[in-house]
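What follows is the residue order along each chain.
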Amino acid sequence: MKAVMLAVLFGVLASSNSVQKGQDLKVASSETILMRAAITTPYRASMTNALTTAFSSAAVSGGIVIIAGCGDDPTYNFRSFGPTLRDALNAIVAVDNQYVWRLDGYAINVTPQRGPLPLLRSHIRELNIRNAHSVDEALSQTLNLPELRKRVRELNLTRGFMRTGLSDLARPDGPAVIQSSYNLNLKNVSLQQALNAIAQADGKAVWQYRETRCNAKTEFQIEFLVR
Amino acid sequence: MNGNILPGFTNQCGVYRNLVYELEDQEGESITQPFDITETFSNYSGVASLPANRQGHSSTGLLQDTMYFGKTLPDCPGLNDNESFDQRFFVTIGVTQYNLSTVVHISRGRSSGNWFVDVTTTTP
Numbered sequence: 688m689k690a691v692m693l694a695v696l697f698g699v700l701a702s703s704n705s706v707q708k709g710q711d712l713k714v715a716s717s718e719t720i721l722m723r724a725a726i727t728t729p730y731r732a733s734m735t736n737a738l739t740t741a742f743s744s745a746a747v748s749g750g751i752v753i754i755a756g757c758g759d760d761p762t763y764n765f766r767s768f769g770p771t772l773r774d775a776l777n778a779i780v781a782v783d784n785q786y787v788w789r790l791d792g793y794a795i796n797v798t799p800q801r802g803p804l805p806l807l808r809s810h811i812r813e814l815n816i817r818n819a820h821s822v823d824e825a826l827s828q829t830l831n832l833p834e835l836r837k838r839v840r841e842l843n844l845t846r847g848f849m850r851t852g853l854s855d856l857a858r859p860d861g862p863a864v865i866q867s868s869y870n871l872n873l874k875n876v877s878l879q880q881a882l883n884a885i886a887q888a889d890g891k892a893v894w895q896y897r898e899t900r901c902n903a904k905t906e907f908q909i910e911f912l913v914r
Numbered sequence: 006m007n008g009n010i011l012p013g014f015t016n017q018c019g020v021y022r023n024l025v026y027e028l029e030d031q032e033g034e035s036i037t038q039p040f041d042i043t044e045t046f047s048n049y050s051g052v053a054s055l056p057a058n059r060q061g062h063s064s065t066g067l068l069q070d071t072m073y074f075g076k077t078l079p080d081c082p083g084l085n086d087n088e089s090f091d092q093r094f095f096v097t098i099g100v101t102q103y104n105l106s107t108v109v110h111i112s113r114g115r116s117s118g119n120w121f122v123d124v125t126t127t128t129p
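Those protein sequence lines, which keep their order, are chains A and B. Counting in the numbering used here, the first sequence runs from 688 upward without gaps. Counting in the numbering used here, the second sequence runs from 6 upward without gaps.
Since the hints were derived computationally from the structure, they do not count as laboratory data. Some hints here could point you the wrong way.
What the hints assert, rightly or not - Simulated coverage check for chain B against chain A, where a stretch passes if three residues somewhere in it have a Cβ under 8 angstroms from a Cβ of chain A:
| hint | segment |
| --- | --- |
| 1 | 31–44 |
| 2 | 48–55 |
| 3 | 117–129 |
Since the structure is predicted, the reported quantities are computational estimates derived from the model, not experimental observations. Where is the CB? At the ideal position from N, CA and C, for every residue including glycine.
Go ahead and model the full structure; you've got the sequences and the hints to work with.
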């Protein structure tokens, strides 16, 4: 069993946050991940799908924050001018100047330029994730915190439809699949920082926060698209 | 519907069906090496919006796909909340993507209050 233990000093992380919109950053140790090779999707795709392709091809963890209206997300042709993850991220945010990418420790977040949405800014006094066997389970434990449930009600948000994805499966005559176990203890973090910590504990998980504003109703979905 | 609780999916009101996939080569031989696989979606119609691509990992060549559609209690899908779409797959090895030939049509949710998950493999 792979045990993943993460203790994060978010004061340090917060001070290392940086924002980029198509210009070079001063090199910090965590920014070496930006030099990894990444795929820029060669076909028309939504921003979310282009980002998950770039993140997963570079084997980095991160998060995507999307504000959506009624209907499907717009799709774009992305044109990267280089082979690295930095090139791919610059190409992707270039299609919609509403979004920027940020480096938060070793996680990359793509968010609206004006900053995190209210629910993602929610303060978590203490989060103890114990023996979660998947990022989905760690997410569920997080969203069950009383202060977050209260905050969802205060913001008049409703949770949208839930979906699942593919998961590893052992062969009947073979060895068991190695199961991860996530244990995290976080204090005084935002929901966004907690999601990044879960993603980083996995190593290459990518979460999406999607806020859909349609027919005078605001729904949110939080799910792991890469795990 | 009855069933086991999915990890991370407690207090749910919805419907699901479990499928198992095995990756095979063009001669029908099982591939048992680890790989990353991405599911993609198209031709969406329904009460939500086209799902984003999702990526998973197989260490054995087998994959479980739980076709779940629902909400977290106290919310619940409405009597006629449903969706249908096509599902495709590609496998990534290094920076190369290999498109798989399988196409699955999924229809799920509620119709006149009745729960359903219909899965039709249209290709091959």
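Each hint, compared with the structure:
1. For the segment 31–44 of chain B, the proposed coverage by chain A is satisfied: 5 residues have a C-beta within less than 8 angstroms of a C-beta in that chain, meeting the threshold of three.
2. Counting residues of the segment 48–55 of chain B whose C-beta sits closer than 8 angstroms to any C-beta of chain A gives 5, which meets the bar of three, so the coverage hint holds.
3. For the segment 117–129 of chain B, the assignment as covered by chain A is violated, since 0 residues bring a beta-carbon within under 8 angstroms of that chain's beta-carbons and 3 are needed.
The structure shown violates just one earlier hint, number 3.
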